[in-house]
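Colleague: Given next are the chains, with one letter for each unit.
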Amino acid sequence: MIPEIGQFALILALSLAICQGVLPLVGAHRNDAAMMQVGNTAALGQFLFVAVAFGCLTWSFLSDDFSVLYVANHSQLALPTVYKVSAVWSAHEGSLLMWILILCAWTLAVSRYSSELPQEFSARVLGVLGLLSVGFLLFALLTSNPFDRLSPPAADGADLNPLLQDPGLAIHPPLLYIGYVGFSVAFAFAIAAMLSGNLDQKWAKWTRPWTTMAWLFLTLGIMLGSWWAYYELGWGGWWFWDPVENASFMPWLIGTALIHSLAVTEKRGLFKSWTLLLAITAFSLSLLGTFLVRSGIIVSVHAFATDPTRGFFILAFLGVVIVAALALYAWRAPSLDSDVGFGLLSRETFLLLNNVLLVVAATLVLMGTLAPLIIELLNGGKISIGPPWFEVAFLVPMIPLVLLLGLGMHTAWRTQDARSWVAVLRIPAIAAVLLGVVLPLMFYGRTGLMLAVGFGAGLWIILSSLIQPLRSLRRKKGSAGITRSALGMSVAHLGMGLFVLGVTVVSAFNIESDRALTPGDTIEVGHFEFEMRELRNVEGPNYSAIEAVVEIRRDGEYLATVRPQKRQYLVQKNWMTEAGIYATWNRDLFVALGDQLGNGAWSVRVQYKPMIRFIWFGAIIMALGGLIAVSDRRYRLKAQEKSKVGRAAVESA
Amino acid sequence: MLAVGLAVVGVAIAATFTLRAFQDNMMFFVDISDVIAGDYPKQRNFRIGGLVVDGSIERQQGSMDLRFRVTDMNCELPVSYTGVLPDLFREGQGVVAHGRLGDEGVFVADKILAKHDENYMAPEVAESLAKHVEGKTQPLRDGPGECVTL
Numbered sequence: 001m002i003p004e005i006g007q008f009a010l011i012l013a014l015s016l017a018i019c020q021g022v023l024p025l026v027g028a029h030r031n032d033a034a035m036m037q038v039g040n041t042a043a044l045g046q047f048l049f050v051a052v053a054f055g056c057l058t059w060s061f062l063s064d065d066f067s068v069l070y071v072a073n074h075s076q077l078a079l080p081t082v083y084k085v086s087a088v089w090s091a092h093e094g095s096l097l098m099w100i101l102i103l104c105a106w107t108l109a110v111s112r113y114s115s116e117l118p119q120e121f122s123a124r125v126l127g128v129l130g131l132l133s134v135g136f137l138l139f140a141l142l143t144s145n146p147f148d149r150l151s152p153p154a155a156d157g158a159d160l161n162p163l164l165q166d167p168g169l170a171i172h173p174p175l176l177y178i179g180y181v182g183f184s185v186a187f188a189f190a191i192a193a194m195l196s197g198n199l200d201q202k203w204a205k206w207t208r209p210w211t212t213m214a215w216l217f218l219t220l221g222i223m224l225g226s227w228w229a230y231y232e233l234g235w236g237g238w239w240f241w242d243p244v245e246n247a248s249f250m251p252w253l254i255g256t257a258l259i260h261s262l263a264v265t266e267k268r269g270l271f272k273s274w275t276l277l278l279a280i281t282a283f284s285l286s287l288l289g290t291f292l293v294r295s296g297i298i299v300s301v302h303a304f305a306t307d308p309t310r311g312f313f314i315l316a317f318l319g320v321v322i323v324a325a326l327a328l329y330a331w332r333a334p335s336l337d338s339d340v341g342f343g344l345l346s347r348e349t350f351l352l353l354n355n356v357l358l359v360v361a362a363t364l365v366l367m368g369t370l371a372p373l374i375i376e377l378l379n380g381g382k383i384s385i386g387p388p389w390f391e392v393a394f395l396v397p398m399i400p401l402v403l404l405l406g407l408g409m410h411t412a413w414r415t416q417d418a419r420s421w422v423a424v425l426r427i428p429a430i431a432a433v434l435l436g437v438v439l440p441l442m443f444y445g446r447t448g449l450m451l452a453v454g455f456g457a458g459l460w461i462i463l464s465s466l467i468q469p470l471r472s473l474r475r476k477k478g479s480a481g482i483t484r485s486a487l488g489m490s491v492a493h494l495g496m497g498l499f500v501l502g503v504t505v506v507s508a509f510n511i512e513s514d515r516a517l518t519p520g521d522t523i524e525v526g527h528f529e530f531e532m533r534e535l536r537n538v539e540g541p542n543y544s545a546i547e548a549v550v551e552i553r554r555d556g557e558y559l560a561t562v563r564p565q566k567r568q569y570l571v572q573k574n575w576m577t578e579a580g581i582y583a584t585w586n587r588d589l590f591v592a593l594g595d596q597l598g599n600g601a602w603s604v605r606v607q608y609k610p611m612i613r614f615i616w617f618g619a620i621i622m623a624l625g626g627l628i629a630v631s632d633r634r635y636r637l638k639a640q641e642k643s644k645v646g647r648a649a650v651e652s653a
Numbered sequence: 001m002l003a004v005g006l007a008v009v010g011v012a013i014a015a016t017f018t019l020r021a022f023q024d025n026m027m028f029f030v031d032i033s034d035v036i037a038g039d040y041p042k043q044r045n046f047r048i049g050g051l052v053v054d055g056s057i058e059r060q061q062g063s064m065d066l067r068f069r070v071t072d073m074n075c076e077l078p079v080s081y082t083g084v085l086p087d088l089f090r091e092g093q094g095v096v097a098h099g100r101l102g103d104e105g106v107f108v109a110d111k112i113l114a115k116h117d118e119n120y121m122a123p124e125v126a127e128s129l130a131k132h133v134e135g136k137t138q139p140l141r142d143g144p145g146e147c148v149t150l
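So the sequences go chain by chain: S and X. Take 1 as the starting number for the first sequence in this note's numbering and just add one per residue. Take 1 as the starting number for the second sequence in this note's numbering and just add one per residue.
Honestly, the hints are just simulated from the structure, not real lab data. Note that this is a predicted model, so its numbers are computed, not measured. The reader is advised that the hints may include incorrect statements.
[Claimed, not checked] Every beta carbon over 12 Å from chain X, so not counted as near; a handful from chain S, in silico: (1) Ala429; (2) Leu466; (3) Glu557.
[What the hints assert, rightly or not] With the Cβ distance kept under 7 Å, some of the chain S side facing chain X (calculated, not the full set): (4) Ile383; (5) Pro388; (6) Val396; (7) Trp575; (8) Gly594; (9) Leu597; (10) Gly598.
Where a beta carbon is used, it is the ideal one built from N, C-alpha and C, also for glycine.
Input sequences plus hints: build the corresponding full structure.
Modeller: As structure tokens, this is what we get:
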């Protein structure tokens with residue numbers, strides 16, 4: 001009964017989505033207020049019905065209803081309750097339902113918080129979001145119904161893939177989807193603005209907080225995915241240039257470019273058509289990512305079981321979205337030329353360079369991801385592109401990007417006086433170069449060209465991000481301090497600096513060693529000794545495991561004991577490696593059990609990962625910066641109308 | 001103008017650089033039957049894939065050195081590897097290996113991949129197997145491995 005209610009709710013949601021996708025657009029065209037109003041009501045109704053469907057599927061998991069095929073395939077009686085909930089989005093059908101729920105939540109948020117926008121504009125935004133929702137609901141109902149029954153019902157389920165039985169992975173997809181789907185809001189704003197033909201700077205201002213929100217969730221989602229891969233399947237790597245990782249990374253790169261280009265459009269009325277194009281691209285890449293994951297067309301650890309009709313549906317949907325958006329763009333964009341000029345040394349120039357470099361980076365990632373596919377289509381044989389290529393190619397745009405970043409932050413709009421610029425940046429620049437050479441030598445006893453460049457670049461970003469916040473602290477009370485959006489920018493860039501430091505140090509000084517160990521053996525990695533004390537059997541709720549007790553010492557002094565496990569899950573019978581990690585802020589010591597070698601020996605991988613936490617911590621700080629920027633008062637439309645303070649903030653930012 | 005010019009030069013340099021690196025990092029997938037027929041890249045690493053032959057895994061007790069055979073259902077190729085294996089590596093399952101063909105016709109793998117989902121097999125492996133299962137068996141050939149007619 002419950003699954004049928006869910007199915008029925010999805011169908012009702014589809015009919016409401018059709019209303020939301022058609023009526024407000026027609027209403028905005030005819031200037032009919034009643035029709036435009038339908039968008040808000042339909043958005044609320046659609047959200048409620050999709051939430052009911054999602055609730056029904058969750059209920060089916062919690063009540064172990066193995067007459068539902070999806071539940072039977074992805075759950076099991078002994079599965080811990082929290083993983084029964086996260087199993088809802090562990091595979092294709094359920095994660096699509098979650099995608100739709102998140103789209104509805106974004107839509108509802110837009111309809112709630114856009115009452116200050118012109119009615120015509122918000123109606124168009126809701127209309128576009130409604131049309132997107134129609135596409136996804138059709139996709140779910142026609143090709144991927146999560147409520148399909150299994151007859152006769154299974155006695156017990158086939159269990160959730162053990163890799164997914166992990167807290168990090170329970171929240172990684174929701175965050176990632178909030179980010180992916182969030183770019184549909186930026187997309188809808190761009191389409192609505194093009195439909196109305198009125199592309200003044202206000203449009204950029206309205207879009208900015210939504211885009212930044214989507215971006216910060218995507219940042220967190222990618223960061224969690226990387227962290228999960230590190231401790232759960234990566235044998236200590238944090239990024240593999242896997243096609244599905246790339247699929248989330250490309251929208252991130254373009255989204256980052258979009259955030260920066262929106263700043264120029266809002267403040268100076270420049271780059272309008274470019275910004276529109278980025279908004280369309282960011283969302284199209286999100287859809288392309290979905291296509292790559294769902295169609296199984298590309299080899300990946302993430303690939304879902306393949307189904308050609310699904311791939312075809314997404315590809316057709318992607319085609320319709322891109323063609324329609326680009327046609328509209330071709331029609332409207334030529335009228336957008338603006339004749340505002342800017343000096344060579346100006347913030348506009350630096351943001352332009354930022355955009356060029358980020359787009360180049362995204363293009364390289366796209367090239368590397370799609371090349372195997374294209375070469376195979378051209379009968380060039382089956383190839384793969386290894387991580388070494390991405391690592392080299394990606395640095396080409398990234399090194400200039402991080403060096404220019406510190407300069408751009410301290411450059412004024414329109415034109416910047418070179419002398420005062422040098423005065424501000426001289427000290428951080430010199431400090432970054434000197435410390436970039438000295439610090440690695442001091443702490444890790446070695447330096448080199450790439451190491452100095454990476455370390456120096458990280459410090460350079462950190463130091464130049466700190467200038468503005470530190471100055472505002474020294475300022476007297478009562479004078480205008482730093483705006484939230486300027487603070488947000490500094491914090492996000494600070495996070496970027498920490499990330500660069502982490503990546504540089506861990507790539508240069510990471511030590512990895514695979515050895516055969518029997519209990520009682522000790523190996524040395526760096527300054528650390530790892531002694532395998534014993535091997536023992538451990539029973540978990542739905543697995544049994546072999547656990548190694550490994551004592552870590554530094555120069556003979558006890559540091560910690562880690563317990564890496566090799567688990568066998570009882571239902572699916574597959575083996576899983578649980579790493580033992582001893583982490584402090586500046587390094588991880590990582591031990592993972594490999595294989596039983598006979599004679600009581602096991603192969604063991606031991607790793608020393610200096611500063612690896614800076615990678616994820618830096619990403620969190622970046623997202624925090626986004627959050628601070630979104631909280632800027634000038635985005636709260638009501639507050640701004642009532643007080644002039646908001647207006648002052650706009651001018652001074 | 002200067003900025004645009006610099007950007008163009010920069011992009012051109014970057015493009016040449018990355019394209020060259022691209023060629024160096026491409027790795028071809030070669031069917032095992034083709035490896036045995038001698039049709040594989042001689043000077044560089046490539047990928048092979050197939051099923052791990054039942055009963056073929058040999059390990060020197062207590063050491064990380066390992067030998068096994070991989071089949072595409074037509075020919076078998078011996079593979080040697082030293083190191084930690086992925087969790088889903090086992091006899092009868094699909095596997096992909098990166099490496100090159102050493103002396104004596106043994107494929108020396110520097111990386112072994114087995115997929116994380118048992119129901120899932122890398123498409124190129126599935127395709128390579130399907131070729132021979134569907135009755136298009138290739139004739140026996142002389143070479144380092146052995147070929148069986150099904």
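Colleague: Let me make sure I understand: some of the numbered hints might not hold for this structure. Which ones are they, in numerical order?
Modeller: Every hint satisfied by this model.
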